[in-house]
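These protein sequence lines map, in sequence, to chains A and B.
For the first sequence, our numbering begins at 1 and goes up steadily by one.
For the second sequence, our numbering begins at 1001 and goes up steadily by one.
Calculated directly from the structure, the hints in this document are not laboratory data.
A quick note: this is a predicted structure, and the numbers were derived from the prediction, not measured.
Treat the hints with care, as some may be off.
A few chain B residues facing chain A, derived, Cβ under 7 Å [stated by the list, open to error]:
#1 Leu1076
#2 Ala1078
#3 Ala1083
#4 Gln1091
#5 Arg1094
#6 Glu1103
#7 Leu1121
#8 Glu1131
Away from chain B, derived, C-beta distances all over 12 Å, residues of chain A [unchecked claim]:
#9 Lys59
#10 Ile82
#11 Gly84
#12 Ala97
#13 Ile99
#14 Asn111
#15 Arg127
#16 Ser129
#17 Asp210
#18 Leu232
#19 Thr235
#20 Pro246
#21 Leu264
#22 Leu271
All C-beta atoms, glycine included, are put in the ideal place defined by N, C-alpha and C.
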Amino acid sequence: MLAMLDDVMWTYQSVVYSVGINGILALSMYVVLAIGQLSLGQAAFMGIGAYTGALLTLKLGLPFPIVLAGSALVPAAVALLIGGPTLRLTGVYLAIATIGLGEVFRILFVNWDYAGGALGLSAIPERGSALLIYGLLIVFLVGFLALGRSRIGRAMEAMREDEVAAGVMGVNLPVYRMAALVTSAMLAGIAGALSAHVSSFIGPNDYGFDAAVTILSYALLGGIGSPLGPVLGSTVLTLLPEVLRPLADFRLLINGMIIVLAVLFMPRGVLPWRMARTG
Amino acid sequence: MTAMPSSALLTATGLTRAFQGLLAVDHVDFAVQAGTVHGIIGPNGAGKTTLFNLISGLLEPTEGTVSLDGRPIERLSAHRRAALGVARTFQNIRIFSEMTVLENVMTGRHCRLGAGLGGILLRLPGFRREEVAAKEAARAHLAFVGLAEMADRRAGDLPYGDQRRLEIARALAAEPRLLLLDEPAAGMNPAETRALMPLLRQLRERGITVLLVEHDMHFVMNLCDRITVINFGRRIAEGTPREMRENPAVIEAYLGTKATSRRGRGAVPVTTTTDALG
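Just need the whole structure built from these sequences, with the hints factored in.
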């Protein structure tokens, strides 16, 4: 009896963590979609953050705040490096290039023996707490809401609607593209480090194409009229498999159908509300 | 007409743009005097919009220079030119449809706003003051073009003529020294076009230099201090509206050597042209 209760608690806790971490990933997706870029590199940045964090904890034993900072800065540096050549691409070309990026890092992790190679890293000590995860999520969410209601939010929405017109209004397009990519990489990196420190194990195949599409679907389902949309989307998509658990074998089928129907009938997302842009 | 000031705000020298060998703009020289309304006319496909793109920074010239107040700007990106005081509207309206009318105009002010990231995130007083001032300025520009009542409407829901005026308000929000208007009267009804003329005259009185491309000859002839005529990418004439009416090269460009129009859809109707030029 006690063992069962413990089991339920354990399951419950991991879902609570996932909702918060996926919320941060959803914001990482939001920041690039908000300026009209389709980047699928979030999973790769998450992986870089997860590996950075796990290595800093396991090999160097650094305190967790420093680990988190490192997990934000390393993906940010990678974003700065790849941003130059890739941000000249737009639309589906950028998506393809960033999918390629994910594959490059997967293969890198598989062949990197110091980081466990194909087996990944295990026995990562548990450092995250629900308080920390949700605290960060709320800080980021409030930050994006504040940013949205300013000249920066207007410039971002202007870019999404019409980049040429935005440039003529004085929006420095290359700087905004780079800033969005770097911010996105930092958020994904932090989410990666948090997930590594609550799940105790990471492997090179956790951050591939599947993960990239899942993160994109958070924003598609939620809608990008405000940062709340993607976070709602990630919450729904994280909880849905749990809620549908009684359906047993039909669970994944129904899960998929709900997503398809939502995208078909709510093309602007579950939360189509568009936030105001004046501060 | 106001007196003609003597200093040139915008100067184009040998301005050329080739598209795969086709010279859309071919060694064009012209100068726009500060404080004037300057018109560019020419048949469809003459290179007028390409010229605008070269001035506003959407295209780089193959050859030649563009200078604003003597400073070469032809290699600067569009946002740098906006900061230096070049604003424009588009022939095919490019408003931000999902935003409100007021937000559109405030976006136009982007190049004049400087609140930092910290100020924005922490809602510091400096940022708040700047936003309030930007909002007030935007409302004033909307009132100027007659859209004050529409401030909170979704921009994409406005009728066509109102969208054109919104684009002008958005461009004015950048506090430009040089305002480029690409066919401001296109798609407007005669009453709207008539209402636009005093508006642009007021801009001139405020000291904003206006460079416009327009097909409505009555509009151009009555409003402009000077006119540059372009055909096949080349400048074929320049002068006052009166001079252009009598210029044989201009008459030929518009009417052909025979008095029948060879041009297709959207060409200047021959009757209008004859009225205006004759």
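These are the hints, each one checked on the structure:
Of the supplied interface hints, the one on leucine 1076 of chain B is violated, with its beta-carbon coming no nearer than about 11 Å to a beta-carbon of chain A, more than 7 Å. At a threshold of 7 Å, the smallest CB-CB gap from alanine 1078 of chain B to chain A is about 4 Å, leaving the interface hint in force. Using the Cβ-Cβ criterion of 7 Å, the hint placing alanine 1083 of chain B at the interface with chain A is satisfied: the shortest such distance is roughly 6 Å. With its C-beta approaching chain A no nearer than about 12 Å, glutamine 1091 of chain B sits outside the 7 Å limit, and its interface hint is violated.
For arginine 1094 of chain B, the interface hint holds, the least distance from its beta-carbon to any beta-carbon of chain A being 4 Å, beneath 7 Å. This hint holds: glutamate 1103 of chain B has a C-beta 5 Å from the nearest C-beta of chain A, less than the 7 Å allowed. Below 7 Å, beta-carbon pairs count as interface contacts, and leucine 1121 of chain B has one with chain A at about 5 Å; its hint therefore holds. Because the closest C-beta pair between glutamate 1131 of chain B and chain A is about 4 Å apart, less than 7 Å, the hint holds.
Against the 12 Å criterion, lysine 59 of chain A stays outside the reach of chain B, whose nearest CB is about 34 Å from its own CB. Residue placement check: isoleucine 82 of chain A keeps its beta carbon more than 12 Å from all beta carbons of chain B (closest about 22 Å). At roughly 16 Å, the least C-beta separation between glycine 84 of chain A and chain B is larger than 12 Å, which holds for a residue marked as non-interface. Every CB of chain B lies more than 12 Å from the CB of alanine 97 of chain A, the least distance being 23 Å, so the non-interface label holds.
Look at isoleucine 99 of chain A: its CB is around 28 Å from the nearest CB on chain B, clear of 12 Å, so calling it non-interface holds up. Under the 12 Å C-beta cut-off, the non-interface status given to asparagine 111 of chain A relative to chain B holds; the minimum distance is some 39 Å. Remark: the non-interface label on arginine 127 of chain A is consistent with the geometry, its nearest Cβ contact in chain B lying 27 Å away (cut-off 12 Å). At roughly 25 Å from the closest C-beta of chain B, the C-beta of serine 129 of chain A stays outside 12 Å, upholding its exclusion from the interface.
A cut-off of 12 Å between C-beta atoms confirms that aspartate 210 of chain A is not in contact with chain B; the least separation is 32 Å. Taking the minimum C-beta to C-beta distance to chain B, about 19 Å, the non-interface status of leucine 232 of chain A holds against the 12 Å cut. The claim that threonine 235 of chain A is not at the interface with chain B holds, since no C-beta of that chain comes within 12 Å of its own (minimum 24 Å). With a least CB separation of 40 Å from chain B, proline 246 of chain A remains clear of the 12 Å interface cut-off, as annotated.
The Cβ of leucine 264 of chain A lies farther than 12 Å from every Cβ of chain B, with a closest approach of about 21 Å, so its non-interface assignment holds. With a minimum CB-CB distance of about 15 Å to chain B, leucine 271 of chain A clears the 12 Å threshold, and the non-interface call stands.
Hint compliance for this structure: hints 1 and 4 are broken, all remaining hints hold.
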